[in-house]
Every structure is written in structure tokens, then in C-alpha cells.
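Build out the structure end to end from the sequences listed, making use of the hints.
Residue numbers (numbering that gives the first Met the number 0), protein chains in the order written: chain H, 0 to 290; chain E, 0 to 290; chain Z, 0 to 290; chain G, 0 to 290; chain X, 0 to 290; chain B, 0 to 290.
Since the list gives no way to pick out one identical chain from another, each pair is judged satisfied if it fits inside one copy or across any two copies.
Using 35 angstroms as the maximum straight-line C-alpha spacing, the simulated DSBU-like pairs for lysine-lysine come out as follows: (1) K223 with K22; (2) K211 with K56; (3) K128 with K170; (4) K56 with K23; (5) K242 with K22; (6) K242 with K275; (7) K56 with K22; (8) K22 with K275.
By construction, these hints were calculated from the structure, which means they are not laboratory data.
6 protein chains.
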Amino acid sequence: MSNVLNFGIPKGSLENATVELFKKAGWQISISSRSYFPGVDDNEMHCKLIRPQEMGKYVERGTIDAGIAGRDWVRENEADVVEVCEMVYSKVSRRPARWVLVVGSDSTVQGPEDLHGATISTELVGFTKRYFAERNIPVNVEFSWGATEAKVVDGLCDAIVEVTETGSTIKANGLRIVCDLMESVPVLLASTSAWADPWKREKIEQIATLLKSSLAAEGMVGLKMNAPASRIEAITKVLPSLKNPTISHLYNSDWLSVESIMSEKEVRRVVPELLKLGAEGIIEYPLNKII
Amino acid sequence: MSNVLNFGIPKGSLENATVELFKKAGWQISISSRSYFPGVDDNEMHCKLIRPQEMGKYVERGTIDAGIAGRDWVRENEADVVEVCEMVYSKVSRRPARWVLVVGSDSTVQGPEDLHGATISTELVGFTKRYFAERNIPVNVEFSWGATEAKVVDGLCDAIVEVTETGSTIKANGLRIVCDLMESVPVLLASTSAWADPWKREKIEQIATLLKSSLAAEGMVGLKMNAPASRIEAITKVLPSLKNPTISHLYNSDWLSVESIMSEKEVRRVVPELLKLGAEGIIEYPLNKII
Amino acid sequence: MSNVLNFGIPKGSLENATVELFKKAGWQISISSRSYFPGVDDNEMHCKLIRPQEMGKYVERGTIDAGIAGRDWVRENEADVVEVCEMVYSKVSRRPARWVLVVGSDSTVQGPEDLHGATISTELVGFTKRYFAERNIPVNVEFSWGATEAKVVDGLCDAIVEVTETGSTIKANGLRIVCDLMESVPVLLASTSAWADPWKREKIEQIATLLKSSLAAEGMVGLKMNAPASRIEAITKVLPSLKNPTISHLYNSDWLSVESIMSEKEVRRVVPELLKLGAEGIIEYPLNKII
Amino acid sequence: MSNVLNFGIPKGSLENATVELFKKAGWQISISSRSYFPGVDDNEMHCKLIRPQEMGKYVERGTIDAGIAGRDWVRENEADVVEVCEMVYSKVSRRPARWVLVVGSDSTVQGPEDLHGATISTELVGFTKRYFAERNIPVNVEFSWGATEAKVVDGLCDAIVEVTETGSTIKANGLRIVCDLMESVPVLLASTSAWADPWKREKIEQIATLLKSSLAAEGMVGLKMNAPASRIEAITKVLPSLKNPTISHLYNSDWLSVESIMSEKEVRRVVPELLKLGAEGIIEYPLNKII
Amino acid sequence: MSNVLNFGIPKGSLENATVELFKKAGWQISISSRSYFPGVDDNEMHCKLIRPQEMGKYVERGTIDAGIAGRDWVRENEADVVEVCEMVYSKVSRRPARWVLVVGSDSTVQGPEDLHGATISTELVGFTKRYFAERNIPVNVEFSWGATEAKVVDGLCDAIVEVTETGSTIKANGLRIVCDLMESVPVLLASTSAWADPWKREKIEQIATLLKSSLAAEGMVGLKMNAPASRIEAITKVLPSLKNPTISHLYNSDWLSVESIMSEKEVRRVVPELLKLGAEGIIEYPLNKII
Amino acid sequence: MSNVLNFGIPKGSLENATVELFKKAGWQISISSRSYFPGVDDNEMHCKLIRPQEMGKYVERGTIDAGIAGRDWVRENEADVVEVCEMVYSKVSRRPARWVLVVGSDSTVQGPEDLHGATISTELVGFTKRYFAERNIPVNVEFSWGATEAKVVDGLCDAIVEVTETGSTIKANGLRIVCDLMESVPVLLASTSAWADPWKREKIEQIATLLKSSLAAEGMVGLKMNAPASRIEAITKVLPSLKNPTISHLYNSDWLSVESIMSEKEVRRVVPELLKLGAEGIIEYPLNKII
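Below is the structure:
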């Protein structure tokens, strides 16, 4: 059945955000606690819940055609897949995940090279081994099932490689970040065979376009106002230059209707200036997508 | 006081959805756990919470002028009322309720005619009696206070007539649906006397119009774009033909502004085509009502 | 550092509503349970959580430049500050707070003058003392740490001065409101020194403009329709006169596009009339701000 | 299979209390939200969840051998069953349910006889009809699906017959209780055939004994102390006379150990007196059952 | 009515613990969210909810006869009352509250004497003024409505006097404790007039005895075992000497039954030793009260 | 510091049950969400939260002296440790975990031998490899990060080895259990060096004794009654023979006090017989520990 795309939804910390994003993009994905196969209102898609750690492997094998997972796990598995695009889920609240090298606060380690012969605990064993091997630093890397911070606090290992967004958990455990090893964002992956299939590639690109349109609309709004034709140049200059404003004549009048897309932060700056320039009837309305 | 409409809000499973729908339609209904008389910000309405099972009776008597209830209970009570319109509360998540004839999975019953002389448990005694009487099948219909599925599982009766949306609870109890007896959606009812009163009828029609406008906007969005005048015909063809797009000139330009209403599903299909046809500055914005 | 505005967020009952309002206005304020210094995505602001009771004092001293608090507490403290504007947080759900004089339901007190020599419990000691002193009525005013209603029920005092929105708690405790002493709404305060500093004043006015724009959009929507040019006058008359509608030509047609801003309540009234006048393609869309 | 007792657990308001009581009595009943057949750790029992309204009917028919339900519904259905014993679930928190005759607070009705020709709404149609028929008062009794209070408030009927524990909901709705019609407690029912079967009767009596033992221990405790032999008579007199205290010699001593069962309220009274009489080492310990 | 004791339950942080303690002591106190007058199953008591800050004042005036509140607020108000006994609510989880003098972590203040001329924020204004006045240190004490830590962080004052149990909130805010000023535990207060009334005093002492008995039983258990008469001395020595064990003869045997009260911690130590000494059938059972 | 025992608490599904069990055994372990080092009220212990998967490794190395983990993970890691005793956490609600071989319901596999050359997904890679190697069945075992059931449903592998208690999740996913591979219960582990250290061994045995005593008391109660000396033999025969009853003389009487320990299920059986034999004043009381 060539006209169905097998798509992997990342189970776990990205799960709800992914479903939410698809909803904004126009797809209803319904996850039931009793099934690993979420429903979706698109006959051309079949969804599966897959751990981010395994997404790369199954996309590489072509078991699924495409999916979303953190770039960290794609690299950990050295999966041979097509990275279609990045998905920076939220400009406002979510920062990229950082994998950092961490030691106890009283450690003398200043850089990776000081860990010669040390034991390092991490969930990202493959990446960590390669990182140190590339730098010719012999280390003993152990797989950690979680609670990794506790291990260095308690002397069970010399250092850890752990993921963090703000570093606050690490500080709260009295540990110190030596340096960043990798930054990771969610990515949309495709298998090489799906990418080579025209129908599947078009479907994947459709999904990518709409997901990115929804992400692009985050924190963005539409601003609409009436302006005297005589002031239209000055007003246009004040508006953000990202996209040209849409300007149209008003009926039986020499006023113009001006409409522009901008971020909420730009609204804070722009509104006082527009008022000074004589704009009237300014309204702000929400957007779903910017394509 | 002829300028007040007594309106029945269905207590129970439709209650929150009804309040939510009125909110989208522009009425704030506030339900207090201590009172059966919800407040409403419209001096021309007076609301009461009424069980769906009793809505038909009270509308028929004119005790209330209009109300919302499932069509199943209106038919059960053979209420002599005006059905103003259907209210399909949500195209996305809610399916019509189906009243089905159900037997144990090891029963040999294949149709209603096989239930000659049987005992049937149901909350919908009147409808069920009439259904079998019309087919000249003598049965013993017993009123069930709930937990109706359990009765057929346990041999307390031979079959049940029960309501379901997806059939999953019935399957989970190891039962089998013999056939559908009735499909039911919420309906807006009016008493014959209110319908004959010009002021009340106009008020009921106002409510009906705005409730339906809100329902019509579910899953629908506005799509706005700029298009070169030369491509306007091709672009117009791609857009759904439900409503004509609104097209206007842009200021000092031979581009046009095009605006169209469509469902989120159509957006998924339309956007890639619009991009190919040269549309620019495409944005999607949410809608409250489509009238 | 003159280009930072120290701003006081009112801790307690107004806290969430204030954060929500700033969010609508375009500022992300993030409150952590572990810190009294909320983050804000504006380098020109520094926020602090401050009790409404103390807001006036700290603004008066210039410790903070501006803040939001109930007018009651500003008056209680007789703070010498600039009241920039009122913030009626929600036209729909929140009424102004009223400070009322309350006695037991079997009391013979009919007005403040009947309380000669009485003991009055209240959280608003200063205001209450001044209120009775201005009327030459000698009373004994005691500070109450809360649960003030209980004190008059139980005979611990003769009357109380307490805040209420609807009076229902007072009635539920079997008490009687003698009269209103003060009505209070949240206000945006500025220190006299910040108001004299051009940069700070402009910043405070920017905040005030955007907060008020968000409040103004509550319960308001945009209505857009197509209308035959011949009916445009009649249609325009039906629309609320608050703001002129925006009217523009449609492409290759003698129809016009009409767009107007109104409250959801007006929509209820207007839509049936517009339909009668031949308007078509009517849609309603949400608004974020009306400036 | 004669050695299994089919037992009905009342679904609804008594459900959790019944499971809790069986647990105290030594039976683990596990109710799953997906099944109407609770599990029980006793091979001699088979449980079913049954609405109290239908319990009498199914016990009467012998479909189930025994069960627990309110006496009100047993009487409503005029079920021909054996009432084994009352189950006063909690001396502390639960009062008997009262079915009361209720009218609007401005009604002139003073007794049932004033309702000649009136319409009465109730869930207990059979009982209400018989009640008025026995007194030769012609009334029209209508079945109410719930929210019965609202009907009399709103003039949909003249009076209601409704269940209450404290009367507070009735007062909160501004209604007035005319008189009590029936008091109801949960009862343990048996079918006449099960009661005639020696094995089933013994099983039912075992259950009754242990449930009653658990109920009897509510609010009861054991008090143990050492007492000089010389004071034993005085001390014994102070103890509640419900059961004789257990007294035994202490080793190598002329002191006695005294142990007695009493309610927590009696402990409050008894302890100060025991201390005055020279009792020492007084401890209080909890009880599970008093048989 | 001399045979009723008016008793104050402390509203707020001690409220639930107080109700729980009375429950263990044999009194059911039921607090309704709608009333300030909790019910109690003792005709000789009448309860009121009173803020701890005001408890001393109302007990001093005799408005209530007795009550429970923190000693800190009794001292703050310099209330002239009888302190009947301390109530150390929980040996396990609750430590005494400490009022401490706190400064910023970079402050140079080492003792109260370094605060000459400083501004101090606190809820405990009276106590703090007296504390510094007794030491002849002039300071400016301001009442704080809460969020007191924030004030010293932010430079709104030089130091604070704040309550803490473990000091962790203070550390989390980056502050430093200079020294402890007062330790506070809940106390049972009586008015001088109630204490002089024989009936009221006896009632208060009854309450005190039973509350203390319940507190004494926290973390305590009963241990019961059988022991050969020949080893009874060695076994007795191992048992805690707080109370003599209760020893009695067994029937037709030269074994003895030994029963002793001890803490759960002592059980951990004692059990291995008892097993070595030949004790058999050791069981541990829970206690409600130790009087 | 030889007088401290490093003890591993299993993080995850056994965590709460372990803390609860220690509480019954007399140790208060307090877990904070911010720390991996739970507090404990015993100076001779130091606790750490450790994943069950890693417990064996750290006990083997002696990093911790003892800990609790499922036997499955100890075997997976082939950890060289001392298994002190089993901890069957709850006779009532918790069954041993079973690791089972699972295939799709339409698979033809009937036993492990039918999986020649197959791909098997599991979290227990080491154990599974050894299991098939011992039987000379070549298979490809892949580590699964979770959601293992989904893999066989979806054809990502041929079979899985997964843990289950009741098999219901497996059935709900439409899968079939081929056979059981291992049953696992929690065990108390000690390192060989700690077991060789007399102080540590005694400490571990103290913990084992008290934990087992608490487990032994689950579902067990004490039954106490008075019996005429003449019936003592008959009554003794009815009582469970697990432990001899404790019998003592009553004061000035030829009745005896009889006390026995039994399960709640035995109480159900015994009580009716005791009543027939003339026992009186029967009470049942709860137990904390049976040693």
C-alpha cells in the first residue's frame, strides 16, 4: 500500500507537544492509554508511538517512513536517515536541550582532557565514547539507567554526560558543568527509501510545511489599522520589515487599510509609534499559521 | 411577561457542552452547584436545568418555551413539540448516540424477530415497546435503573436496548450488537404555543441561528493571502467552492488580497498547491462563527 | 541604571489575573514558587511580587517605580502616588470590590451614626478611623487578622468593615450590610519621581496603553461580511457606532467587504438584521486587542 | 452449584461504604471500573453490582441470594424477601435517610391532607401512591428523574417526596418540610429460597455476624490498666457496664491487670476518674471487631 | 450557662493538626467551609475558629474560655492568660517554630547589636520592638504583610524577623540567620476567670489530659511476648524502663506473658535481643493513647 | 566509618512500597523530590535511591552495603552478591512479577524452540541471551527502551520478553504468552564484604528481621476472648495451629482469657464456631508486626 505514510510520534517528553503541534497544523491525533497506535484523521497516515531512542533505528530500517525525535538520539544511534527539518517547538518556553559534561563542584576537572582514565556515566554511551575517542582521551563510559546526577554526587563515577535545559537541576545537586558537548532540537526524519518515493516525499513535505507554519505563528499576531493615505509611508516604515504589509483602499475615502504580521513583542514597540503617526482603529487578532 | 423566553438546559451529559456552545454563540450561562436556575446575560431569557428525559414533557405542556435535549428522549415521551433544528454538537469528537439491541456474545439471536417472548431491559421502555409492537413481536420490556449491560451478561434478561457511541463498552463487556434501533442527536425543541407567538419564535430563531453559526465554525479557519492578478483564476479554482473567496485590490499594486473560509483539513491539501501557484504571505486565522 | 522600570506585581488574589493580563498585552511574566522576583521578557522591566497592602508604601518611597494594586489599599495607606489609570480587569466576571459596613441581622443599627461608641473590627483600620472621624462619630476600631465576619456573629465586636463583591458570604453568615463605604478597582500606580522621568513615564504609558487595549478587547469580536453596494447604508446603520466600519471594494464586483468591531452581545442582535438586509458570507473572528 | 452465594453489592451512594465495611469484616472486594462483577477473596461468594432500586426485585426472584440495599427501595418495590438485619453503617457520620414531604416555603400546606388533588413529583412513585391512598387523599404522583427540588421551586408540581439526611439541601433551595414519610437504613436481604437452604442461610448469617461485629467496633476502643487489688471494686464501678472487664493477676505482685471495652466518648469521662482511683499504666488501643 | 466551655480552635496552619489531635483524643470536631463555628460531639464544649494572632486577646478578655495557639503570638500580644500546657504536636515530623533574625548573605551584621539604626520588617512587631529595646538598640520596626524574605533580598529593609522550622526557605532565598530570638510551640491557654471556675478548670484539665495522652502515644507501640519464667529477669532488663512491663502467668505452664510499651525505635533495638533471650510469639500492636 | 550501613532504596515502581514497609518496620524514610539521598531516622544507616537495574552492580562493587531490588535485575546483571531474604511485599495485592515470552496472537510459535533465528526485543537482554543460548537456540536479542508490546504488534520483531503480573496488558494488546521464563520477587541483597563484617551483618539482619515481621503481620489480626475453663480444649482446637494461643486465668473466676493470632480469613471461619462453643467477649484487634 504505497499511499500510506508510516509516521513515528515520539513517546515521552515530546509526546504531548507533538500532538499539540499536529493539532495546530490541522491533524487530530488521538492517543489512547490502551494502544500504541494513535489514531489520526488522515487516511494517508498511520501513526505509531516510538521511543525517541529507537526512532532513528526504525526510520533507518524503513520500518517507519518518517518520524520526529531529538537530534541527540539520532546521532547516538548514528542512524543513516534524511533530516528533513528542525522543529523548534516553542520559541517562547522551550530551549534546545544541551548535553553537558558534569563533575562534582569540588572536582579539579577543567576540561574533557582532565578526565584521562576516568569513569563516566551517561545514557548516551555511543556519542560519549566517540566524543572522547576523537580527542584521544581514554575513558570508561558506563550506561546509566537514570538518576545520573546522583552518581557523581555519591562518588559512583568521576563525571557524567547529562541533558539539561537551564542547568538548574545540576546546580541544585551541587554539581558543576565543565562544558557543552552537543545541543539538540527535535528533528523530522525520513528514511532514504521514503525520501526517494515521490508520493511519500511529497506527503512528508506537506507535513513539514504545515508543522513549520504552525511553529512560525507562535507568538505572532496580525495588526490591522486604518491610516490616512498621506501618512502611509511613515507608517509602513515603523512596521517590521519581515513581510510587506497588505494595504488596500477604503470605500469612498482617502484612508487606507493596513494589515501586517508581527510578533507580540514588536506590537509593544510599534503601537505607541503608530498612535503618534495618526493610525486609527488599530486591532490585534490571533493567527494559527504563517506559511 | 411575554418578552421572556423560558429555556431548558439539559442537565447531565450534555450540560457542559451546551453551556460551552452558548458561550461561543455569545451567551454567558453560569451554572451554580447550589441552584437549578442558571444565570444568563440576556434579559430576554430565563434558564432552567432539566433532565433530558423530562424536557419533552415540560416543553409540551408549555412550562418552558424551548430547550435542548436528545431526540431519543423526545421520541420516548412522544412529546408533541416543534423540533426547530438539530444540534450536531461537534463534528470532530462527538458521534450521534445510537440505541442498539444487544445480546450476550454466545446468544443465537440474529434479529429482533428472534426475541419472541423474551425479557428486555432498557431505560427507554416506551420506545422499545412500540418498536416491538410495530413488528408484532411479543416481548416483556423492563425498566432498568442503569448498569444495563450487566443484566444480559448475568442472565437477568435476554437482551437489552442501550445507548452507545462507539460500541466499545458493549464489546468490553463481551456482548454483541444485534442491530441499531434509533440514532439520536441533540435537538432544539419549542412548544407549539411559543412557536405561535411571534416574539418568542423570533427569539428562538435568533438562538438557533447563533448556535448553528458557532457549530458551523468548528474546525473551520480563514486563509488569507496575496496573489498576482495574473494567477487569480488558477488560485480561485484550488480554493474550496463552499463560499466564494473575498478578493480585493492592493494599494499601488497589481496584486490582489484573497480571503477564503475552509476546514483545517482542506488547508492541509490547499497550502502546497497555493505555494506552487505563487501565492505569498499566506496566513491562517481562527474563526468564532460562520453564519 | 535609568532604563529599567521597577514594577510591582500584586501578590495574592490579583496575582494570576495580572499575569494573565500582561500575557494578553504581550509580556510573558513567569512566577516561580521559589522566588519573589518574577521573570519578564522585557529588558526594560524588573518585576517584584509585593502585597497589595504594601504596594502604595513602596511606590511612594520610589523603591519601585510603578505597580498594580487595589485602590482601597492605596487609600488606606494615604500613599502619595500618581494614579495612572484604572484596570477594570474583566467586564464579564469581576465586579468592583466594595468595602461595606456590616452588623448582625438582629442589630438595630441603620446607619454609621448609630455606631456611637461601638467597637468595629476591620483589616482597613486607617480608612475606617478617618471615615468615622470625618463624621464626628467616636468609635473603637480594632485590627482584624481575618475571619472578620465571625467576630460580629459571635459578639466579639459591634460591627465590621469588610470587603465583598456580591454580598453573598455576608448573607450566608446571617449578617446585614448597613451601607457601602468605598468601592475599589485595581489601579496602575507610579511614583512621583518615575512620573517626572521622561523615559520611565513613556515606559509606564506604553504598559498602560497595551494593558488597556487587552482589557478593551474582552468580549469583543470582529464581524466581516460581504454586502451589495446598494445596501451599504442600511447595513452601516445597523452596526454599532462605536467605531466606523472598514469598507473596501471587492475585485471585479459591485459588492463591498464590510468589517466591524463589536461586543459578542451586539452580535446576537445584529446578525438577524444583517441577514434580512442581504449581507452574505458573515464570519466572526476573535480579537486580542483594541487600541 | 449450591455452595456459592450470589451476593448483591449496592451500586451508587452505598457502594464504597459497603466495600469498606466488608474489608473491615475480613473480605477483600475489588471493584473494577470495567466490570459489574466485583472480585472477592472467598470461593463461597459471587458478587454483583446492582442498583439499590432493583436489589429487591432480583433477590425476590432468587436471581441473587442476598444483598444490601436501602429499606426504602425494598418497600417501594414491595419485594417479598427476608430482611436479615439492619446495617447502620456509621454511628458517627451517617444518619438514617429520611423521605420527606416538601413544599415551597410560601405554600399553605400543613399536612398531607392539604394536598387533595395536587401533583407530586418523586422517585418513589409506588410508596407515595400507597401512602396517600391509605389516607384516602387523591393525588397525582409523577415519576421524577432527579433534580426533584427544582420542580417545586419552579411550579412544575405542588409538592415533592424526596430523600434527605439533614434537610440542608431542602432549606438551601428555599423549601419547607411538611412531615417525614419514612426513615430508611441499609438492610441485608435474603431470598426466601436461600433462607430455606441450610448452607446458604449459615453463610448469610456468617456474613451478617462479621459485618455487625465490624460496625459494633466503630468508635470503640480497648482500655487496659494496672490497678491495686484493693481498689479493684471502685475501679470496676467506674467502667461502663456493657461488658464485664477482663481482670487477671500480675506476676509476683498484688496488682491486677484490668481490660475493658468502651466507646471513645466514655474514655473521655472515665480516664480522669481512673487516675483519681490510682490506676496506672493506662493505655488505649484500637479494635477491629466486637463480636 | 456555666456548664459550657467556649474553646478556640486555631484557624490556619495548626487547624488540621488540631482537629486531628482532638479526634485521636476522642472528640469529633467538624469544620464546615461555610461556618466559623465547628461542630463538636460534646455538649459541654462550644468551638470557634480564631486566628492564632488573636487567640490571646480573646482568651484574656474571657470572650472564650480556652484555646490553642502558638506561644509566639501569645507573647506578641502580652496576653494575660494561664498557659495550661505545651502541645508538642508531633515528635516525629514537626519541629518547634523558631523566630530568627535574618540578613542578606553579604551583610556584615554578626549580632543584634550591629543593627543600630536599622529598619527591620516583621509580622511580630511588638515582640521585636521589646527585644531590641531591652538591649538598648534603637531600630525602626515595620509591620510586614508577608513575603518578608523578599524585602531583605531587595533592599527594602536591613533585616527581618521571620519564623522558620528548618531554615531551608531562608537559605533558598540566599539569606543568613544571625541568631534565634524565640522558640515557639503550640500551647493550651485558659482565661484567668475560667481557671478560677471549678467546673471549667476540670473540663480544661480533662481536655489537656486526653490531648496529651494522644500525643504521648505517637510513635509508641505495645510489644507482647511469651517468656520462660527462668529468663524473665534478663528479658525485663532489656525492656525500656519508662514503664514497668505487665507480667502475668500463663495457664497450665511455667511461661509468662510479658507486655511492654515502647517507641518504634526501641523496638528496632529490643527485638533482636529478645529473640536471643528466648522470647517467643512476639507481636507488636498499635496504641491510641498512653495516659 | 564502619558503623554506618549504606543502603539502596529501589527508585521507581517499588519505591513507595519500600518506604511504606520500612515505616511499618519502625524506620521513617523521607524522600525529597530534590535529592537522591533519602533521610532516615537511624544514625547507623545512610540511604540512596538507586535504579533496580543498577542495584546489583553497586552492591557487588561494595559501593553500597545492601539494598532491595527485584531478583530479575540481579540475575540480569549476574551480580555476585548475597541474597539475604525474599521480600514478598504484599500477600494480598501484589503478585510476583513474571517475565514471559510473548508473540502475536496469530503467530504459530508454540515454544522457545520455534524462535530459531528470530529477533526478540526485551529490556532484559543478558538474561534472554543466556536463556536461549542454554537451549542452543540462535536468536537476535535487541534492547528495547520500553513500549515493548507495540513492537511485536507492529512486526518490528518476532517476539518479546516482557514483565507482567496478571497478563492483562498483554491480552489487551492482542498478544499471546508462549511460556514463563522467570518469576521475580524483591530481594534484600548484601555485598560479600558487608556480609563478612560482623557489625554490618548484624545490622542487615536486624533490618531483615523487622521488615519480615511487618510483612508477616499483613492481613493478620489478634483475637481475644473469655472462655469457660471447661471448654478450653474444644476452643483451642478450633484456633489455627500456627502459634499456640496465650491462655491466662481470670481474677476470682474459673474463666480463662484466650488470645490468638490468625489471618482475617481465618477469623471469618473461626468466629461462628467460637460462638457455638460458648466463647464470650470476643474482640479483634490490629497488629503491626509478628516476629
